[in-house]
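Work the whole structure out from these sequences, hints included.
Position 83 of the sequence shown, counting from 1, maps to 83 under full-length UniProt numbering, and the rest follow consecutively.
Hints are supplied without guarantee of correctness; some may be wrong.
[What the hints assert, rightly or not] In silico DSSO-like links for lysine-lysine, alpha-carbon gap of 30 Å or less: (1) Lys94 <-> Lys155; (2) Lys116 <-> Lys155; (3) Lys175 <-> Lys187; (4) Lys175 <-> Lys190; (5) Lys108 <-> Lys94; (6) Lys190 <-> Lys178; (7) Lys203 <-> Lys190; (8) Lys166 <-> Lys178; (9) Lys166 <-> Lys155.
Please keep in mind that the hints were generated in silico from the structure rather than gathered at the bench. The structure presented is a predicted model; accordingly, all values stated were derived computationally and were not measured.
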Amino acid sequence: MEAESAHQARDNDPIAAAAWHTLAQAREPSLPHRPWTNPWQTRSLPHTPWPKHPLAKAMADAQEAIAATHPMAQAMPGAQEAIAAAHAEKSQAKAALAESQRQSQDLKAEIEHQKKQINELVTERDVQRGIASAGSRQIEGLQTRFDRMESARRKARSALETERAKSGAREDALKTEKAQLASEKNKFVKDRRTFCSALGLIKRDVEDFESQFGEEDDGNVPPAPPRKRRRTAAGPTSAPA
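Printed below as a string of structure tokens:
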């Protein structure tokens with residue numbers, strides 16, 4: 001009896017019914033929001049804004065907690081770790097590149113130093129034959145290294161020229177395709193204009209036929225003779241007989 005009297009009191013008071021609905025929604029925050037209808041009333045409640053309820057903050061906190069348990073939110077730590085690892089690899093790559101550049105500079109400095117030594121050995125060739133022979137061997141080794149570096153440079157230049165040629169061919173193909181698209185566009189515009197002109201002629205013919213049939217039904221005015229049509233290269237046109 002007490003439960004029935006409570007239900008009746010809630011049914012008779014729309015504010016109490018709305019508060020009950022807000023409380024039920026706060027207890028189940030995962031359910032989608034939908035307008036509440038009273039099952040004990042035959043008519044629906046008026047569309048009035050819901051009153052503010054003390055559990056509104058609890059509902060917002062529950063929705064934030066649900067959003068935090070979303071798969072994307074769970075995947076964020078892993079993604080952040082992957083990003084950090086990628087940054088670390090990038091830093092390592094930069095360090096390796098800097099080291100390679102430093103080694104290249106050291107090698108160039110060494111080559112210059114060796115060249116200076118070779119020049120000194122050549123100058124003292126008449127005095128120190130043994131030093132000249134050692135300098136010749138060093139020259140041959142340096143020349144071999146220089147030839148290897150020159151060969152690598154030539155290969156890189158050849159590869160660059162090949163890529164440039166391929167890029168030029170791709171640009172030519174793109175230009176050709178662009179020209180074809182422009183031609184097709186112009187053709188489409190021309191066909192559309194022709195179609196619109198023909199459609200206008202058909203509409204005028206239909207209006208003429210309707211007017212002729214209407215005059216024949218009245219019996220007051222004799223039907224007018226049909227107009228002749230002539231066609232040109234730009235499309236069908238109409239001319240009086």
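For which of the previously enumerated hints does the structure constitute a violation, in increasing order of number? none
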